[in-house]
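Q: Spelled out, the chains give:
There are 10 protein chains.
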Amino acid sequence: MEISEISKKLLDAKEEKGFTFADLAKKVNRSEIWTAALLYGQAQATKEEAQTLCAALGVGKDAEKFMTAFADKGLGPVVPTDPLIYRLYEIVQVYGYPFKSLVHEKFGDGIMSAVDFDMEVDCVKDPKGDRVKWTMTGKFLPYKKW
Amino acid sequence: MEISEISKKLLDAKEEKGFTFADLAKKVNRSEIWTAALLYGQAQATKEEAQTLCAALGVGKDAEKFMTAFADKGLGPVVPTDPLIYRLYEIVQVYGYPFKSLVHEKFGDGIMSAVDFDMEVDCVKDPKGDRVKWTMTGKFLPYKKW
Amino acid sequence: MEISEISKKLLDAKEEKGFTFADLAKKVNRSEIWTAALLYGQAQATKEEAQTLCAALGVGKDAEKFMTAFADKGLGPVVPTDPLIYRLYEIVQVYGYPFKSLVHEKFGDGIMSAVDFDMEVDCVKDPKGDRVKWTMTGKFLPYKKW
Amino acid sequence: MEISEISKKLLDAKEEKGFTFADLAKKVNRSEIWTAALLYGQAQATKEEAQTLCAALGVGKDAEKFMTAFADKGLGPVVPTDPLIYRLYEIVQVYGYPFKSLVHEKFGDGIMSAVDFDMEVDCVKDPKGDRVKWTMTGKFLPYKKW
Amino acid sequence: MEISEISKKLLDAKEEKGFTFADLAKKVNRSEIWTAALLYGQAQATKEEAQTLCAALGVGKDAEKFMTAFADKGLGPVVPTDPLIYRLYEIVQVYGYPFKSLVHEKFGDGIMSAVDFDMEVDCVKDPKGDRVKWTMTGKFLPYKKW
Amino acid sequence: MEISEISKKLLDAKEEKGFTFADLAKKVNRSEIWTAALLYGQAQATKEEAQTLCAALGVGKDAEKFMTAFADKGLGPVVPTDPLIYRLYEIVQVYGYPFKSLVHEKFGDGIMSAVDFDMEVDCVKDPKGDRVKWTMTGKFLPYKKW
Amino acid sequence: MEISEISKKLLDAKEEKGFTFADLAKKVNRSEIWTAALLYGQAQATKEEAQTLCAALGVGKDAEKFMTAFADKGLGPVVPTDPLIYRLYEIVQVYGYPFKSLVHEKFGDGIMSAVDFDMEVDCVKDPKGDRVKWTMTGKFLPYKKW
Amino acid sequence: MEISEISKKLLDAKEEKGFTFADLAKKVNRSEIWTAALLYGQAQATKEEAQTLCAALGVGKDAEKFMTAFADKGLGPVVPTDPLIYRLYEIVQVYGYPFKSLVHEKFGDGIMSAVDFDMEVDCVKDPKGDRVKWTMTGKFLPYKKW
Amino acid sequence: MEISEISKKLLDAKEEKGFTFADLAKKVNRSEIWTAALLYGQAQATKEEAQTLCAALGVGKDAEKFMTAFADKGLGPVVPTDPLIYRLYEIVQVYGYPFKSLVHEKFGDGIMSAVDFDMEVDCVKDPKGDRVKWTMTGKFLPYKKW
Amino acid sequence: MEISEISKKLLDAKEEKGFTFADLAKKVNRSEIWTAALLYGQAQATKEEAQTLCAALGVGKDAEKFMTAFADKGLGPVVPTDPLIYRLYEIVQVYGYPFKSLVHEKFGDGIMSAVDFDMEVDCVKDPKGDRVKWTMTGKFLPYKKW
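Listed in order, the protein sequences are those of chains A, B, C, D, E, F, G, H, I and J. FYI, in our numbering the residues of the first sequence are 1 to 146. FYI, in our numbering the residues of the second sequence are 147 to 292. FYI, in our numbering the residues of the third sequence are 293 to 438. FYI, in our numbering the residues of the fourth sequence are 439 to 584. FYI, in our numbering the residues of the fifth sequence are 585 to 730. FYI, in our numbering the residues of the sixth sequence are 731 to 876. FYI, in our numbering the residues of the seventh sequence are 877 to 1022. FYI, in our numbering the residues of the eighth sequence are 1023 to 1168. FYI, in our numbering the residues of the ninth sequence are 1169 to 1314. FYI, in our numbering the residues of the tenth sequence are 1315 to 1460.
Pulled out of the complex, with its shape left as it was, chain A reads as follows (with noise of 0.2 Å):
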């Protein structure tokens, strides 16, 4: 799937207005993250979030429908190409066994889920360079027996 033209001229607007994510997300008392995934169409907002979100960015009806719409989720290539997107894509294939042993161990058998879940992306200065820190939490889902 593809990038939509609807997010092009979101992104486009909130780069015309200068807006930083952080500037919207307060704007409907969210995260940043969880803001800009709706401007990617990966998540949904109630119509006031839309409309109070469309009229700062001065955009119109479609993309109010856009953001209230539930969306046919997930973006990109199969393997991710973009440099950035691929480091995380690596960390799945790198770490993803270890993490999956460390959630048993501590949990069970079950899953971390991607869905009654959270996200933060921070910056943490540092001055070997300044550091991203990707933080999740995502409820422990076991598996259920029958």
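It should be emphasised that the hints constitute simulated quantities derived from the structure, not laboratory data. Ideal Cβ positions, reconstructed from N, Cα and C, are used throughout, including at glycine. Don't take every hint at face value.
Claimed, not checked - Looking from chain I toward chain J, a few residues come up when the C-beta cut is under 10 Å (computed):
#1 Ile-1174
#2 Ser-1175
#3 Gly-1244
#4 Glu-1258
#5 Leu-1270
#6 Ser-1281
#7 Val-1300
#8 Met-1304
#9 Trp-1314
Chain A is fixed; fit chains B, C, D, E, F, G, H, I and J onto it per the hints.
A: Same frame as chain A, but now just chains B, C, D, E, F, G, H, I and J:
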């Protein structure tokens, strides 16, 4: 690539000895996830670290060699089929571009290193169901211009 | 991933002993399909359940260990080639989006859990030809907003 | 294959008119999911059914033609990227062989038809969180021997 | 999936005993192609049929078990590389849609069953070069509406 | 490759004029399936045949050119997603090697031509449900030795 | 498909005995390339040819059987990784359509047979560097109309 | 990559003007196949050659630019679906390794260049059916050692 | 991902103005290859650099915006089909592991950065034929242990 | 293709003997990377070179044969999963087209040979972190016109 026989032997030894990853990690003063990655052949130990761990696990020379070798990294199929590991892939699919946008906004054009990088997995107690907390920091690397 | 040797041994033992999945399921007070999933290494039993089943099947320690281990889940090729399993894949291809639309209409933006989940397979007698009845319930998980 | 423009128009019209799938289904005396499948071009209506639905949705001749045409069925990528639809694919990956084993045990060598087939999606109220109930019946077709 | 060792053994035994598929087929009162499919593990015999064929081929219990088991069907790569089998795939690629159009015109929306199905392969003498005649009949299954 | 716009126009014209493939085939003294293949751009007509058919269908010069051009053949995805066409693919997957064995036994090392080739689709009345009869003959081509 | 063990044994025997393909070819009055194809299991010899070659190579019954069997043809990955074989694939990628256009112009709609087909590989001396000459002739097969 | 619009225009112009590739080739003193490759954007003409051909074909500046540009080479799907082009791919699959063995025997470790390379397509009259003759010569390039 | 329309426009403008990449590079005091990467949307310029280049190329605001945007990097198919770019891929296939071994020997476990990275392409005059010289330096990044 | 057993044996022998690639390279008067490629079966040694290296490594006849054989070249998965080798692939993805443009500008239509080709890997000391220097020269090969 598949999980190697030697990895399976190490994980079995850990199971039989009743060690947690934390137990093993403490012996070499490393984190749980790095230690787990080592057992999967995705990290490289010093000779001393390898000897300490192999002694604790009661495994022989080939395990020591495996831990100190430089590995052919990356595990599992292109799109993970294991539900727990797939959820991580799904996060990359759904939140990859929002993540990229935010990193760009906060840091400029560049990537989060997956090499100068660390990661923790914790359990966050929650009355509505415990949560898996997954935290990473990776050095931000700006694209060089020349 | 291929069906493991230990799974084949368990299925052969079941065949030779003349057990149905219902027979085995009754011994551990579980459903037929969960018990079948266990033999394929797609579910995890308690030690007691594993011991009961292994005794009944006349198989040894390695089978018991297999049943209590946490598995690397997911079986077979990306697109199933077996005609029976392909039909299930076809249902996802043909009815996936209609299903998604209906879940969205009835529940909102979220998913049906494949983890907090159960499933039954029954035979419905029909003079025009018996029918396979396949029933699942999975917890609805709404997308968290944060 | 991608969701067609005409499907999107029909889904938009449904949204704007405020119909549920149940509302539309009742007009033609069909089930919700069949009606949803029809709007996605995955089923075929009679001329009368198509006229009734198009009148209700306020759409024109092209929509009527679309509903009565025989479609090129199957939608979306080989491995679904949408988290909700992926969960269905995951069920096939994890429970496909157990399902096959059980069908074989109960019916013999054959398949569950995905053509002489019906399906329902219901909401099961549950204090711990509502559950999606997905029920299918498909005619068992034994392999012919000749 | 690859051709199994047991299949190769059966085909070798047939070769060494000098049987044609017609010879074997006659012993169990089946067609040549069904008998060939059985040796490749793509069909399922009754115990009596299996015993008759195994006795004729001079093969043991494991072959009998193989013939009566329910197989994981489907053989060879996604796109066949063998020139003879590729030609069949090519026919599907080139004539698939014309075939679909014609079935639709003659029968309505539905499929030709590949399960309630039979097939013959014959040699048609022709002075310009003999021709392979490939005939199939499969039950037409109309899409159920519900 | 996707079905071309010009093919869709021809199929629509046929639909609107109320022609069956048999009606069109008769006008040029060809078979139904060859005529269907022609409309999908998978066969090549003479100028006279094209003119006759285009006149009957009430379509213009571009359609005539399309029918007389040499096409880039092969239609649809690598593994068909349409259930009807998939069944044909499944037949190749399940019966490909048995078919090859039988051809080899009857003809020697070689192939059935998919070029010096013809095909018919018929309806066989059956009280238990009508059957689709699919018949092909292709010239046997022995591998040349040199 | 991978190069079989028996092929490797035959190629090793040829190496050790110091035969060129021309030496072997002469013994059975065939061309070099056909003989090479035979050793790779891509052609089929008569019993006499096989016996002559196996005697020369000093290999046993299994090699003779391999040479007279009908093979599952096609070798190596979908896109060749070996640089020499990739160059042939590249020629198909770059010159495939120009080749098709020219065949069409000279012969009409049809194909060059890869079965009623022969091929030679020669060395053309050239002061600027010797050249590989690759010549094939394949029977032109016009598409049948019916 | 798909055949470009400008290629289609050039091929149409050639068709309408009634030129063969040989006619066009003679105008610029090149071979038929190189000229065909040029029209498909797989070769690069000098300005003079392009002007001569564009004048003959009655096409404009954009065609001239297309012929003198350096192209992004390679056309069609990974595995060709067109039967004629597939036959060439099949030759690589079946005869690739035999070809490699022979080149190695005659020239040593290296490749046949696909760049310092030429190719001819001829019609060989034959009472049993005309044959396509396909001849290539490519410079042998030995692997450099350093 | 495909080469964007705006990239094609920039490359056309460069062609028409008769600039080399060196000419453009000098205007912004950058290297040729970085400047080429910028025109392909694979690097990011400052506002000043973009204005200088766009003025020189005579292109408008959209080009300036394209040059200063953060791109979705990575171009072309998974396995390159263009012969020149394929050769680079082949080098990775053939020399990737030897390269890894050498880096490991000289630097330890880690990677060569593709971000803190520069690259030059030069022509080395040689009487036997000029040579392309491709030089890269990338910072060595050792795997962090934690 | 996977790294062969014999390659692993050679790399182990090198490790145990404490040789660097430079040590081995000096013995046969070759470069480090060519010597590394030889151990991975991606280059071909003379008999003398092979004997010298095998003596030094203390390995037997099979290793000597491996080094002098002509290899089936190309190693690892289609898209590399190892992070170090992936970075090289990423360079091709990101800088492939800019590289092509520059080669074209400087040399005309053609390729950089990956066969008449050499490569060096060096360590460049740098106070901000050492850098990997990767240098290649490959003969420019202009497309022949004929």
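Q: Now, for every hint given, state plainly whether the structure supports it.
A: Status of the hints after comparison with the structure:
no., hint, verdict
1, Ile-1174, "violated (14 Å)"
2, Ser-1175, "holds (9 Å)"
3, Gly-1244, "holds (6 Å)"
4, Glu-1258, "holds (5 Å)"
5, Leu-1270, "holds (5 Å)"
6, Ser-1281, "holds (7 Å)"
7, Val-1300, "holds (4 Å)"
8, Met-1304, "holds (5 Å)"
9, Trp-1314, "violated (17 Å)"
Of the numbered hints listed earlier, those contradicted by the structure are 1, 9.
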